[in-house]
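J.: Read off the chains here:
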Amino acid sequence: MSGHHDHDHDHEGHVESASMASRVGALVAKLEAKGIVREAELDAAVEAFLLSTQRAGGPALVARAWVDPAFRARLFADANRALDEIGVDMTHWAQVKLRAVENTDRVHNVIVCTLCSCYPVSLLGPSPSWYKSLAYRSRVVREPRAVLAEFGLKLDPGIEVRVWDSTAELRYVVIPRRPEGTEGLGEADLAALVTRDSLIGTAVCRANSAG
Amino acid sequence: MTQRFHTGDAVRTRAANPEGHTRLPRYLCGRKGTIEAVHGVYPLPDERARGIALTSCTKEALYTVVFDGREVWRERSSEPLSISADLWDCYLEPERAAK
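Residue numbers (my numbering), protein chains in the order written: chain A, 1 to 211; chain B, 212 to 310.
One thing to keep in mind: the hints can contain errors.
Among the chain A residues that face chain B by a calculated CB cut under 7 Å, a handful are [to be verified]:
(1) 114
(2) 141
(3) 153
(4) 157
(5) 160
(6) 161
(7) 162
(8) 164
(9) 165
(10) 167
(11) 168
(12) 169
(13) 170
Computed cross-link-like contacts, DSSO-like style, restricted to lysine-lysine with a CA-CA straight-line distance of at most 27 Å [unchecked claim]:
(14) B:243 - B:270
(15) A:97 - B:270
(16) A:132 - A:154
(17) A:132 - A:97
(18) B:243 - A:97
If you're looking for bench data, these hints aren't it; they were derived computationally from the structure.
Ideal Cβ placement from N, Cα and C applies to all residues, glycine included.
With the sequences and hints as input, model every part of the structure.
T.: Here it is, written out as structure tokens:
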């Protein structure tokens, strides 16, 4: 879910997810009992949501940006329009404005939602639990280099870290740098190098990574 | 509400600590930043969270505001860090040019 309404005031761990599951179950039971929601409607909505996350468009977006400079320019000028070109729909319940931020040899970008867990699902797939954790959300703005190092990403001290806190109706996606030695690869092979974490900014793309 | 700020303007975030919902994170309260982008007009979530309907709630300009990490955390650091957030017009005040 990419909306601000899936607030996740968690204290982390299984106890919280169990209590969340029972709360959701109780809420669904009430809504069904009162005839506000039917089970089939809910199933269809969940299925559509899961299907949309399976077609995560981020890797294709990045691969196109790597091979097509004109597309790349359009992506940074108007990311939603660029998504239309590659057939990715950011709309779940509401239209969301997307902004792509570019890693360079001098700037490394990383995204977070410190207030809850906003995240562009249709580009990145389902969000990892650490993205929603209080630890990531509070620490990545306070000591991003230390957090990235824990992910195995050690940045040169001279590189500027830019943290994008998704506090409103925009969603962010990091456009990682194209790895060296991938000049001969086509778009599909390049897309396979683009990991979810590289789109969040907690990793970079490697020529030999399995995707 | 009109758009009070433009790209490049120096601003300072409100230091208020409202009782209800707001999208101004506490760690960015009372901090000096720069308008990095202007995104058009969006419903104010502070009012939406109080149950005010989409049709009647205040709509305000939304900006990306970028802050220097040293300003946010009040400390010296030689490792460059910037933090940006998307903030509504009423969260911001103009910052005088004096440095």
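J.: For every hint, state whether the structure bears it out.
T.: Quick rundown of the hints versus the structure:
Evaluation of the residue 114 (chain A) hint against chain B yields a held restraint, the C-beta minimum of about 5 Å falling below 7 Å. Using the Cβ-Cβ criterion of 7 Å, the hint placing residue 141 (chain A) at the interface with chain B is satisfied: the shortest such distance is roughly 6 Å. Contact between residue 153 (chain A) and chain B, as hinted, is not supported at the beta carbon level, the nearest pair being about 14 Å apart and thus beyond 7 Å. Annotation: residue 157 (chain A) was flagged as interfacial toward chain B, and the flag holds, the nearest CB pair being 5 Å apart, inside 7 Å.
Against a cut-off of 7 Å between C-beta atoms, the interface hint on residue 160 (chain A) holds, since the closest Cβ of chain B lies about 4 Å away. Satisfaction of the interface hint for residue 161 (chain A) is found here, the shortest Cβ-Cβ separation to chain B being roughly 5 Å, below the 7 Å cut-off. Look at residue 162 (chain A): its Cβ gets to within about 5 Å of chain B, closer than 7 Å, so that hint holds up. For residue 164 (chain A), the interface hint holds, since its Cβ comes within 7 Å of a Cβ in chain B; the closest pair sits about 5 Å apart.
Because the closest C-beta pair between residue 165 (chain A) and chain B is about 4 Å apart, less than 7 Å, the hint holds. Taking 7 Å as the C-beta contact cut-off toward chain B, the hint placing residue 167 (chain A) at the interface holds, the least distance being around 5 Å. A hinted interface residue such as residue 168 (chain A) counts as satisfied when its beta carbon comes closer than 7 Å to some beta carbon of chain B; here the least separation is about 4 Å, so the hint holds. For the restraint placing residue 169 (chain A) at the interface with chain B, the shortest Cβ-Cβ distance is roughly 5 Å, inside the 7 Å limit, so the hint holds.
Below 7 Å, beta-carbon pairs count as interface contacts, and residue 170 (chain A) has one with chain B at about 5 Å; its hint therefore holds. The straight-line distance between the Cα atoms of residue 243 (chain B) and residue 270 (chain B) is roughly 24 Å, inside the 27 Å bound, and the hint therefore holds. Under the criterion of a C-alpha separation no larger than 27 Å, the hint pairing residue 97 (chain A) with residue 270 (chain B) is consistent with the structure, at around 17 Å. The hinted pair formed by residue 132 (chain A) and residue 154 (chain A) meets the criterion: a straight-line CA distance of about 22 Å does not exceed 27 Å.
Taken as a hint, the residue 132 (chain A) and residue 97 (chain A) pair is honoured in the structure, with Cα atoms around 21 Å apart against an allowance of 27 Å. For the given pair, residue 243 (chain B) sits about 25 Å from residue 97 (chain A) by alpha-carbon distance, which is consistent with the 27 Å threshold.
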